[in-house]
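**Q** Residues per chain are reported as follows:
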Amino acid sequence: MQKYVVATADEIPPGQRKIIKIAGKSIGIFNINGEFFAIRNRCPHGGAPLCEGVLSGFVQSPVPGEYTYTRKGEIIRCPWHQWEFDVKTGQSWVDPVKTRVRSYEAKIEQGCSLVNPAEIELEKGPFAAETFSVSLDKDYVVLEI
Amino acid sequence: MAKIEEQKAMETGKKLNGIIDCDVHPHPKSYQVIQSYMSEPWKSRFNAQTGLRGMYDNPIHVNRLDSVTPDGGYPCSDPEFTRKQLLDEYGINYAILLPRAFVSRYSNPDFAAAIAAAFNDWLAADWLDNNNDDGRYKGSITVAPQNPQAAAREIERWAGHPHFVQVMMDSGSTAPYGQQQFHPIYEACEKHGLPIAFHPGTEGVGINQSHVAGYPTTYMEWHTCLPLSAQAHLVSFITEGVFEKFPRLKLVMVEGGSAWLPSLLWRLDSEWKPLREEVPWVKKRPSEYIKEHVRLTSQPIESPDDPKHLLMNFEMMDAKNILMFSTDYPHWDFDSPTRSFPKMPEDLKRRIFFENAKELYNLE
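Chain order of the listed sequences is B and C. Start counting the first sequence at 25; every next residue gets the next number (the working numbering). Start counting the second sequence at -14; every next residue gets the next number (the working numbering).
Hint data in this document are derived by calculation from the structure and do not stem from the laboratory. All values reported here derive from a predicted model rather than from experimental measurement. Hints should not be assumed to be uniformly reliable.
As a list, the in silico PhoX-like pairs of lysine-lysine whose alpha-carbon atoms are at most 25 Å apart [as the list claims (entries may be wrong)]: (1) LYS328/C to LYS122/B; (2) LYS293/C to LYS122/B; (3) LYS14/C to LYS69/C.
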C-alpha cells in the first residue's frame, strides 16, 4: 500500500468528485457528506470512464407501484450503459457477485501530519510539493492504493 | 513524452482495423440547422418542440456522457470529434450514418416529407460532401413512409450520390411494411441499388401503432420489445412477397436485436409448408429469402451469461453471412468493438465486423 496526497480537502466539496491519474491508474475521489471514497475510473463491464457518470440515489420498491429513493448521491452510474455502482464499496447493483469496480481507501489527513515522513511514507503525487508550500493547517485527501 | 504520445495517436488514427460500424447517429448542431434547409410553411412549424420525440425517452440519459463535443455541443454533432472518438479510437473503416428525425410519427405526410428532406440536405452538407475527405462517412437517405410516392421522389433526388449508401425508415409505423402501399419505396430502392433499412424509435409514438398490445408503461418495457417490431416487419416482407416482386432488394434491420432470428426462421419455414397456398407468391422457403436479402446489425448484441451460447446462436442464424457489426454511437447502449463480443474464430469475426457490410454497401 502506498499513500498519495491527491487533493486538498476543500478542493472536493460534498457531492463533488475529482478524477486523478496516479501510478498509471485513473481514479475518482468522491466526497459524500464529508467522507471521502475512491474507485477506479473504469467500468468493469464495458471499460467506460465510470467516474464521469451521473451520481444518483438508489430507487427501490417494496411492491409494484411504490418507490423509495435513498442514498442520494452515493450511486455512480456508468456514463455509457448506466449500470449502478455503490461509490462507497465499488459494488455493482446489477451483478453484485461478479461485477465490482476496484475501490480504494481515501481519507483526510491534516497537513501537519504529512510533513513528518517518519509518520507516513508518502509517494510523490500531484500535490506532494504543496504539502510543504501551502499552510500546514490545511487538510489533504490521502489515497491508499 | 507528450510528443511520443501525439505521434502514437496519429499512428493509431491512421490504422484501420477492418471494421464497418453500421449504426451511427449524427445529430444536427441545432434545430435551426435543419430549419435552414426547409421552406415555408414547414420552416416555422419545425422547432424544438415538434422535433422532440417526447415519449419513451431514456430516464437516465440517451447519449454516452463522454460524447458531448469539446465545445459542449450535442453528441455526434461534430464530424471531426466523432472521427476522433469513434473512427480513430477503434480503427473503424466506415461509419454508416442514420440520423434520427423520427419522421414516421407525424400526422401530416407533407410535413414529414419536408423534415426528411431537410435532414438529408443537412447530412449531405455537413457529413458527406464536406468534413469527409477520407470518405469514411456513408449516409442513409431518410424517408417518411406516410406518402410512399413522395418517399420514392426523395430517393430519386439523392440516387447516385457517392456517399448515400441506403434508404432509411423508422420501424414505428401504421402498418406492416411488407404491404403493397409501401412498394413504391422499395421499387425506387431496387432501381438504384440502395438497401432499405428499418430503425426503431417511433413505435407507439405520434400516429404510429405500438409494437405490443397497447402502450408499454416504461422505457425499459418499450425498449426491450423493439425486436418485436423488427420481426413483424420482416414476416410481413416475406408473406407479402416483397423479395419476389423486387428480387434485387436488400433489407437491413437495424438495432432490432438478432438472437431471435433462428427461431423465426424455423417458425416461418414450418408455417409456409402447410399455408403456402395463402401466399402463393412465396415460392421458396422463407429462410432462403432472408438469407439472400436480409442483413441484421448487431447492437445491442445479446450477452448471455455463457458466451458460448451466443456463438451457438450465431451458428444457427448464419451470422457469418447475415450479421453486421454496429456500435449505436453515441447512444447510451453503445457496443464497443473491443469489448462487446466474445472471442470468435477470425473468419467469423471478419465477416461480422467487415465483409458482410462491405459486400452489402459495395465498399472498398
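**Q** Decide, hint by hint, whether the structure agrees.
**A** Status of the hints after comparison with the structure:
Distance hint between LYS328/C and LYS122/B is fulfilled; the C-alpha atoms sit about 19 Å from each other, no more than 25 Å. Our distance criterion of 25 Å between C-alpha atoms is met by LYS293/C and LYS122/B, whose separation comes to about 18 Å. Straight-line distance between C-alpha atoms of LYS14/C and LYS69/C comes to about 18 Å, which keeps the hinted pair within the 25 Å bound.
The structure meets every hint from the earlier list without exception.
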